[in-house]
Amino acid sequence: ETGVTQTPRHLVMGMTNKKSLKCEQHLGHNAMYWYKQSAKKPLELMFVYNFKEQTENNSVPSRFSPECPNSSHLFLHLHTLQPEDSALYLCASSQDRTSGSDTQYFGPGTRLTVL
Amino acid sequence: GEDVEQSLFLSVREGDSSVINCTYTDSSSTYLYWYKQEPGAGLQLLTYIFSNMDMKQDQRLTVLLNKKDKHLSLRIADTQTGDSAIYFCAERSPDEKLTFGTGTRLTIIP
Numbered sequence: 005e006t007g008v009t010q011t012p013r014h015l016v017m018g019m020t021n022k023k024s025l026k027c028e029q030h031l032g033h034n035a036m037y038w039y040k041q042s043a044k045k046p047l048e049l050m051f052v053y054n055f056k057e058q059t060e061n062n063s064v065p066s067r068f069s070p071e072c073p074n075s076s077h078l079f080l081h082l083h084t085l086q087p088e089d090s091a092l093y094l095c096a097s098s099q100d101r102t103s104g105s106d107t108q109y110f111g112p113g114t115r116l117t118v119l
Numbered sequence: 428g429e430d431v432e433q434s435l436f437l438s439v440r441e442g443d444s445s446v447i448n449c450t451y452t453d454s455s456s457t458y459l460y461w462y463k464q465e466p467g468a469g470l471q472l473l474t475y476i477f478s479n480m481d482m483k484q485d486q487r488l489t490v491l492l493n494k495k496d497k498h499l500s501l502r503i504a505d506t507q508t509g510d511s512a513i514y515f516c517a518e519r520s521p522d523e524k525l526t527f528g529t530g531t532r533l534t535i536i537p
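From first to last, the protein sequence lines stand for chains A and B.
Residue 108 in this note's numbering is what sits at position 104 of the first sequence, and the numbering runs on without skipping anything.
Residue 478 in this note's numbering is what sits at position 51 of the second sequence, and the numbering runs on without skipping anything.
For the record, the hints were derived by calculation from the structure and aren't laboratory data.
Don't take each hint at face value.
The list that follows gives simulated cross-link-like pairs (lysine to aspartate or glutamate, DMTMM-like), each with its CA atoms no further than 25 Å apart [said to hold, decoys possible]:
id, chain 1, residue 1, chain 2, residue 2
1, A, K40, B, E441
2, A, K44, B, D485
3, B, K524, A, E28
4, A, K44, B, E432
5, B, K483, A, D100
6, B, K495, A, D106
7, B, K524, B, D505
8, B, K495, B, D443
9, A, K45, B, D481
10, B, K495, B, E432
11, B, K483, A, D106
12, B, K524, A, D100
13, B, K497, A, E48
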């Protein structure tokens with residue numbers, strides 16, 4: 005068990021749907037991340053939150069909207085997605101993004117399929 | 428920009444040692460990591476090495492770092508069927524960015 009949980013584990017949605025992915029960490033960490041894992045491509049960092057403040061948005065389309073209400077929870081709100089957005093979405097957390105020895109721990113991911 | 432490269436596939440006979448290799452381009456990397464991803468699961472941190480070290484051993488795992496050549500390897504001794512997974516190398520830059528390789532799929536031959 006990693007201490008980082010994600011729900012749902014699988015999600016199928018149409019292009020006009022609105023859905024949300026949830027991530028929760030039980031490690032007392034202060035930084036949380038969203039990554040996208042597509043087949044045969046390196047992991048792509050999408051968003052970073054450190055102490056509830058968004059510190060990175062790596063040119064992610066606005067159809068993905070993150071929310072971090074507190075240090076333990078992270079959401080990814082999805083709307084009007086495209087089929088190419090189908091991927092495994094991984095959440096990660098770490099103690100403190102700015103710490104020299106910071107290490108990220110990952111959740112199991114949400115397998116998203118956009119029809 | 429940073430780039431991390433790995434071979435896509437590796438097949439090893441059960442009981443043999445597996446060596447998974449990784450090269451990276453950012454000479455200012457602070458930490459380098461190995462993650463394991465089993466089917467249907469997220470990434471599990473296996474081990475990491477600070478950039479001023481050249482070796483780290485943890486039970487069956489040995490990490491070797493050649494900083495001059497920007498080459499990182501993970502050796503798994505006595506490979507078991509449970510070691511079948513995709514192994515990701517990642518390097519951390521001074522601005523805390525983590526860059527992952529595409530992963531190496533390790534297949535164990537009985």
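Quiz item: Taking only the CA atoms, is the gap from B/K524 to B/D505 under or equal to 25 Å?
Solution: Cα-Cα ~33 Å, so violated.
Quiz prompt | Restraint check for B/K483 with A/D100, where alpha carbons must lie at most 25 Å apart | solution = Within the cut-off at roughly 24 Å; holds.
Quiz item: Taking only the CA atoms, is the gap from B/K483 to A/D106 under or equal to 25 Å?
Solution: holds (18 Å)
Self-check item: Agreement of B/K495 and B/E432 with the hint, judged by alpha carbon distance not exceeding 25 Å
Solution: holds (16 Å)
Quiz prompt | Agreement of A/K40 and B/E441 with the hint, judged by alpha carbon distance not exceeding 25 Å | solution = Given pair A/K40, B/E441 is violated - Cα atoms ~32 Å apart, limit 25 Å.
Practice problem: Below or equal to 25 Å on CA atoms is what counts here, so check A/K44 against B/E432. | Solution: holds (12 Å)
Quiz item: Under the criterion that the straight-line Cα-Cα distance not exceed 25 Å, is the pair A/K45, B/D481 satisfied?
Solution: violated (28 Å)
Quiz item: Within 25 Å, alpha carbon to alpha carbon, are A/K44 and B/D485?
Solution: violated (29 Å)
Quiz prompt | Proposed proximity, A/D100 with B/K524 (alpha carbon, max 25 Å) | solution = holds (13 Å)
Quiz item: Does B/D443 lie within 25 Å of B/K495 when you go C-alpha to C-alpha?
Solution: Answer violated: B/K495 to B/D443 is near 28 Å, above 25 Å.
Quiz item: Does the structure keep B/K524 and A/E28 at a Cα separation of 25 Å or less?
Solution: Holds, because 22 Å separates the two Cα atoms, which is no more than 25 Å.
Practice problem: Decide if the proposed pair is consistent with the structure: B/K497 and A/E48, CA atoms, cutoff 25 Å inclusive. | Solution: holds (22 Å)
Checked against the numbered hints given earlier, the structure breaks hints 1, 2, 7, 8 and 9 and satisfies all the rest.
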